[in-house]
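First to last, the sequence lines map onto chains A and B. My numbering puts the first sequence at residues 1 to 320. My numbering puts the second sequence at residues 1 to 387.
Treat the hints as calculated values from the structure; they're not laboratory data. Note that the Cβ used here is the ideal one computed from N, Cα and C, for glycine as well. Check before you lean on any hint, since a few could be wrong.
[To be verified] Cβ-to-Cβ under 8 Å is the rule here; a few derived chain B residues that face chain A:
1) Gln21
2) Gly281
3) Tyr294
4) Val351
5) Lys356
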Amino acid sequence: MAQSDIWTERYRPSAFEEVVGQQEIVKRVKSLVNSINIPHLLFAGPAGTGKSTLALIIVKQLFGDSWKDNYLELNASDERGIDVVRQKVKDFARTKSLGPVPFKVIFLDEADALTREAQQALRRTMENYTNTCRFIMSCNYSSKIIDPIQSRCVVFRFKLLEKKDVSSVIKKISEKEGLKISEEAVEALYEISEGDCRRAINLLQATASISPDINAEMINIIAAQTKPKDIKVVLDYALTGDFVKAKEKLLDVMLSESISGTDIIKAIQKEIWNLEIEPEIKVKLTEKTGEIEFRIVEGSDEFVQLESLIASFVLAGLGK
Amino acid sequence: MTSYAEKYRPKSYKELISQDQAAMEVQKFIKEFPKKKAILLHGVPGTGKTSLALAAAKENNMEIFELNSSDLRNRTKLEEILKPASEQQSLFKKGKILLMDEVDGVTGTDIGGVPELVRIIEKTSHPLILTGNDIWQSKFSKLRPKCKLVELKPLKIDTIARILKIVCEKEGIQENEHYLRQIAIKSQGDVRAALNDLQFHSASKGEDMEYLETRNQEQSIFNILKLIFQERQPFLNVFDNTSLSLDEILLWIEENIPREYQNQSLYNAFLALSNADKFRGRIYRQQFWRFLVYQGIFQSAGISFAKPQQTNKFTKYERPKRVLKIWLNNQKTVKKKTIAQKYAKLVHCSVKRAMKDFNLVKNFIKTSPKIQGQLKLNQEEIDFLGK
Numbered sequence: 001m002a003q004s005d006i007w008t009e010r011y012r013p014s015a016f017e018e019v020v021g022q023q024e025i026v027k028r029v030k031s032l033v034n035s036i037n038i039p040h041l042l043f044a045g046p047a048g049t050g051k052s053t054l055a056l057i058i059v060k061q062l063f064g065d066s067w068k069d070n071y072l073e074l075n076a077s078d079e080r081g082i083d084v085v086r087q088k089v090k091d092f093a094r095t096k097s098l099g100p101v102p103f104k105v106i107f108l109d110e111a112d113a114l115t116r117e118a119q120q121a122l123r124r125t126m127e128n129y130t131n132t133c134r135f136i137m138s139c140n141y142s143s144k145i146i147d148p149i150q151s152r153c154v155v156f157r158f159k160l161l162e163k164k165d166v167s168s169v170i171k172k173i174s175e176k177e178g179l180k181i182s183e184e185a186v187e188a189l190y191e192i193s194e195g196d197c198r199r200a201i202n203l204l205q206a207t208a209s210i211s212p213d214i215n216a217e218m219i220n221i222i223a224a225q226t227k228p229k230d231i232k233v234v235l236d237y238a239l240t241g242d243f244v245k246a247k248e249k250l251l252d253v254m255l256s257e258s259i260s261g262t263d264i265i266k267a268i269q270k271e272i273w274n275l276e277i278e279p280e281i282k283v284k285l286t287e288k289t290g291e292i293e294f295r296i297v298e299g300s301d302e303f304v305q306l307e308s309l310i311a312s313f314v315l316a317g318l319g320k
Numbered sequence: 001m002t003s004y005a006e007k008y009r010p011k012s013y014k015e016l017i018s019q020d021q022a023a024m025e026v027q028k029f030i031k032e033f034p035k036k037k038a039i040l041l042h043g044v045p046g047t048g049k050t051s052l053a054l055a056a057a058k059e060n061n062m063e064i065f066e067l068n069s070s071d072l073r074n075r076t077k078l079e080e081i082l083k084p085a086s087e088q089q090s091l092f093k094k095g096k097i098l099l100m101d102e103v104d105g106v107t108g109t110d111i112g113g114v115p116e117l118v119r120i121i122e123k124t125s126h127p128l129i130l131t132g133n134d135i136w137q138s139k140f141s142k143l144r145p146k147c148k149l150v151e152l153k154p155l156k157i158d159t160i161a162r163i164l165k166i167v168c169e170k171e172g173i174q175e176n177e178h179y180l181r182q183i184a185i186k187s188q189g190d191v192r193a194a195l196n197d198l199q200f201h202s203a204s205k206g207e208d209m210e211y212l213e214t215r216n217q218e219q220s221i222f223n224i225l226k227l228i229f230q231e232r233q234p235f236l237n238v239f240d241n242t243s244l245s246l247d248e249i250l251l252w253i254e255e256n257i258p259r260e261y262q263n264q265s266l267y268n269a270f271l272a273l274s275n276a277d278k279f280r281g282r283i284y285r286q287q288f289w290r291f292l293v294y295q296g297i298f299q300s301a302g303i304s305f306a307k308p309q310q311t312n313k314f315t316k317y318e319r320p321k322r323v324l325k326i327w328l329n330n331q332k333t334v335k336k337k338t339i340a341q342k343y344a345k346l347v348h349c350s351v352k353r354a355m356k357d358f359n360l361v362k363n364f365i366k367t368s369p370k371i372q373g374q375l376k377l378n379q380e381e382i383d384f385l386g387k
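Using the sequences plus the hints, can you model the full thing?
This is how it looks when you write it as structure tokens:
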């Protein structure tokens, strides 16, 4: 395969030895793969910590060059409905695997995006094809995966990458790409990406596309482009009593930046403590924010809920 | 007790206030019969269509043969009753007028109803007067060319107020002008409704005016908004008389809350709306339709009681803009989505994540034709990145 020019792909580890961090997990998975008989696996952990990478390494080790014929990657948050997932799984699992390994591998990414009902349905599918298929599932929170599925899987918990791990990845890539990068810039990359390696590498490449000589300031500028920065503006409008401007700005930010309601809520929740209002009111607003986040997660209309939250900020601006 | 509307039904063209033009047309039609065999009087309820037909009979000293099509709607019934009547000579008087009231009641599903009417019009030896509200429905397309069409316009507020005053004088009721005017405004040009309201109101002295609103007529969304935003009432049935769904109404309310409420009231209103929406979410997730009750209460009474007292001002309500904005934005970002899809596939992440990271990764996709090639971007997508 032609080499990718997207760095997250070009520098994705393709053997166990190349993986940075998660050493315990790598060791155990490697021994499973060597015995050829792998169980269903559940990888739980934050984004950008190597879950997909490890899944890819497993299939590459198992199937060698024919890995693509024996591997199906599905993303639960993109596939509409469990029926699509089931149909694809069926179609894929119907034929036997080629080569010495007696099963194929299905990687179900972001499995926690599936509803509980969908997971129940999936559990049957897993059982039906257990002879010909192994599932590797990934999720951010294993608590969102129903017990019957967890009990059928060996669970691995991925941790956020440590600073030394992220630094070593950044430095290795910089060297190979011929970049000049300052120590502070490496630090800034780690701080901003919060242990999410995909984000760190993307940020590095985005900055490098402007100049090969990278310092911390540039990193911060690029990173600032991608933050929902106007949340502060929205809240300021609300605090000065201009509800209409606040909600218009909010809709604008959400639409133009494709930011979901939950991400907006997270940003608001962080921003509350930077506002110039009484701490008692901050606590009140936090309570309201939590309630609104819960409602959005429960499936209400994001924007109506957020408007209700902004209305609380209007009151907060009056000292209530 | 007979209703005022019946008691004071106009008996001559002269008594029929402000429909002179229509009366002239009807008179001309009867004089010229059978040049045109049928006349179709149309207009919103309570504008005097039936009264005009009855007055026409009286004025011309003719017998009236009245049919209420709500009761007799299919072909056999029509044939049975209307046909003999249309072909016989009147026994006692010189002439006869056939009145087919409320043709809207002849539904498209009553097979043969409208075609039979058309046939009767062709054969009738007496002038046929038809009345209806909405005659522009497609089921009447065959009927319209057969008839002379005369529209009765809704009455002006002043006119209705004048009629109310005349009735008050005749009944010996003392009513203040302001009240009569309020009734006139709320009647929306419907005299019958105004008279009914007057009668009800004078019978239940001291009761609140707002009860007038419970009449079963299609309420425009603007009326509904005015009610729940400006008055303080439980309004539990306020949404019964509109064809809009609760979810559509929710959007209307959402759009217009800031036009009516500020500060504490605004907060209360959005709290109520947020609660309404919470139950809506549960309905969608769990198909538990009983929760509609709660959604309805929160977005009616909840909004109405968000303010400390009722108000009376003119507010220009706007249609909900959010859905349109989202749609427009989606049109604009179609390319973004397709690029994100291609990117996600290549780097093993979800489209959602790709959309989230888009502003970051577009920096290097934009500047690297090689990556664009690997993503198999088309020219439109590349142009989009350049913007």
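The hints, checked one at a time:
Against a cut-off of 8 Å between C-beta atoms, the interface hint on glutamine 21 of chain B is violated, since the closest Cβ of chain A lies about 47 Å away. At about 4 Å, the closest approach between the beta carbon of glycine 281 of chain B and any beta carbon in chain A falls short of 8 Å, and the interface hint on this residue holds. Hint status for tyrosine 294 of chain B: violated, given a least beta-carbon distance of 13 Å to chain A, over 8 Å. At about 5 Å, the closest approach between the beta carbon of valine 351 of chain B and any beta carbon in chain A falls short of 8 Å, and the interface hint on this residue holds.
Using the Cβ-Cβ criterion of 8 Å, the hint placing lysine 356 of chain B at the interface with chain A is satisfied: the shortest such distance is roughly 7 Å.
The structure does not agree with the numbered hints 1, 3 stated previously, though it agrees with the rest.
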